[in-house]
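Working from the sequences, and respecting the hints, build out all of it.
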Amino acid sequence: MIEVSGLTKRYGKTLAVDSLDLHVAAGTITGFLGPNGAGKTTTLRALLGLVRPTSGTAKIMGKPYRQLKEPSKHVGAVLEASNVHPGRTGRNHLRVLAAAASIPESRVHEVLALVELTAVGGRRAKTYSLGMRQRLGLAAALLGDPEVLILDEPANGLDPQGIRWLRDLLRSLAGEGRTVLVSSHVLAEVAQTVDDVVIIHRGRFVTHATTAELAARVAGAVRVRSPQAAKLREALQREGILVTPLERDGLTADTTPERVGEVAAANGIVLHELVAESGTLEEAFLELTGGETVA
Amino acid sequence: MIALFRSEFLKLRTTRTAVVLALALLVVTAMAIVGPLVLADSLDASLQQDLITAATFAVLFSLLFGTLVMTGDFRHGTATPTFLVTPKREHVLYAKILAAAAGGLVLSVAALVLVYAVAIPWLLIGGHEIYLFQEGPVRAALATAAAAALWGALGVGLGALVRSQVGAIVGALVWFLILEGLVGALWDDAAPYLPGAAIGALAGDSSDLSSAAGAAVSLAYAAAFCLAGTLLTARRDVT
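Those sequence lines, one after another, are chains A and B.
My numbering puts the first residue of the first sequence at 1, with every later residue one more than the last.
My numbering puts the first residue of the second sequence at 1001, with every later residue one more than the last.
Misleading hints may appear alongside valid ones.
[As the list claims (entries may be wrong)] Calculated cross-link-like contacts (lysine-lysine; reagent style PhoX-like; alpha-carbon spacing at most 25 Å):
{"hint": "1", "chain 1": "A", "residue 1": "69", "chain 2": "A", "residue 2": "59"}
{"hint": "2", "chain 1": "B", "residue 1": "1088", "chain 2": "A", "residue 2": "73"}
{"hint": "3", "chain 1": "A", "residue 1": "73", "chain 2": "A", "residue 2": "63"}
{"hint": "4", "chain 1": "A", "residue 1": "73", "chain 2": "A", "residue 2": "59"}
{"hint": "5", "chain 1": "B", "residue 1": "1088", "chain 2": "A", "residue 2": "59"}
{"hint": "6", "chain 1": "B", "residue 1": "1088", "chain 2": "A", "residue 2": "69"}
{"hint": "7", "chain 1": "B", "residue 1": "1088", "chain 2": "A", "residue 2": "63"}
Read the hints as simulated data drawn from the structure, not as lab findings.
This is the structure in structure tokens:
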């Protein structure tokens, strides 16, 4: 449904996107992740025909966006929540876009209701909170009832309640068979919503995996507490296991709990605590992107 | 194209910008007409012709209007949703050029109506003969309307080239208040063909050019700015 291949975008000396490949299958929700400045927005803008790639191609439904007929009836996008004239009402903002796309006015009222903005539709956009603007952006994206939705950091500025609302909306949209590509710099925002995750870092492709695969990839460490911590540490290190001392009698070992138990038994070491710390998605994400993000 | 024009027209109707601009124009025009009416010794045919000149503020306001039509979308980020709906960006530009030219026409007609609406009762009450419907003043009124439409379109081209709202407006002011005079002084053969002089030849004050030549030169400027602005907007990244 979405095919990006060899996409490169250079701004002067800065390489914003570096021969990126991205593939989004129809009917899936894909998270597009990377730290701030990883090239997510540039990629999405290139995909939407707003930014001209230095090289490579970006296609939606087999065509570059700018060659789609009536694009807003196939692809809806939210790029920045502040893309609205502060002196125009939310409803009029949508009417302007609907008029350009030859979409009937009745649809304006439908999408306003869908994003729960009907009550404030007659107010000027400058009185809107950031969350309301995000929802107005979503309403605009949904005007043409598109099969594909592309959302750039839609959770920015949303409170936890708003994030849950967004998650439910995206799920119900995907449930209707739509394809959704949603970017974020915080995995936790989208982890519960997406099927697949594409991670990029410094403009380059890092990985494409399901969220389950990603979690499985995290090397789980083992946390141990022992009155003979120093002795245990030596024993583990003799076995070639990476050990990090914790405060007083604790340490973490980069292996399985079974292995730690065996080593302790063989050396007659008493253990007070043995905990397998399962890796979180966020850790996997941080690991893959060099820890340059703020969770 | 009709859908796009409707959309641009709706943009203009749904903010206060156009209304504020029109009201400001009417205030300025009113001030410009009341002066000569009060101060003139005799309200003869030549002075009545000059009264029309009060409406030429509409031309400058149309330029401002055209720049706002274009740069407003860049300033408020609405260029992004606009170009998402219509990826053939040149079509958006055509609609804007048309809307700005129409807006310029409306502004100039409003100013002219005000001039006539103030001048006629004044002249009647004073017992003067009315020359405002003779060929001279009517031609001046039509020329003002044409000039306003042209400069409305030119404003869109200028705004598309500069993108920054403040940049485009300050740039236009600096050109007309300072640079055009300077360039004209340095290169006096070109002086009558500079944008301000050419539009002056078409609407309002006398000049070295005939009004037909002024119209042709102004049309060329408007076309050049619109063409350059359209080509550049179609190619440039929207960020």
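Cross-check of the supplied hints:
1. As the CA atoms of residue 69 of chain A and residue 59 of chain A are separated by approximately 13 Å, the hinted pair is consistent with the 25 Å bound.
2. Under the criterion of a C-alpha separation no larger than 25 Å, the hint pairing residue 1088 of chain B with residue 73 of chain A is consistent with the structure, at around 15 Å.
3. Under the criterion of a C-alpha separation no larger than 25 Å, the hint pairing residue 73 of chain A with residue 63 of chain A is consistent with the structure, at around 14 Å.
4. Restraint check for residue 73 of chain A and residue 59 of chain A: satisfied, since their Cα atoms lie roughly 16 Å apart, inside the 25 Å limit.
5. With a C-alpha separation of about 16 Å, the suggested pairing of residue 1088 of chain B with residue 59 of chain A holds against the 25 Å cut-off.
6. Simply put, residue 1088 of chain B and residue 69 of chain A have alpha-carbon atoms about 10 Å apart, close enough for the 25 Å limit, and the pair holds.
7. Between the alpha carbons of residue 1088 of chain B and residue 63 of chain A the distance comes to roughly 14 Å, so the proposed pair stays at or under 25 Å and holds.
Consistency note: the structure conflicts with none of the earlier hints.
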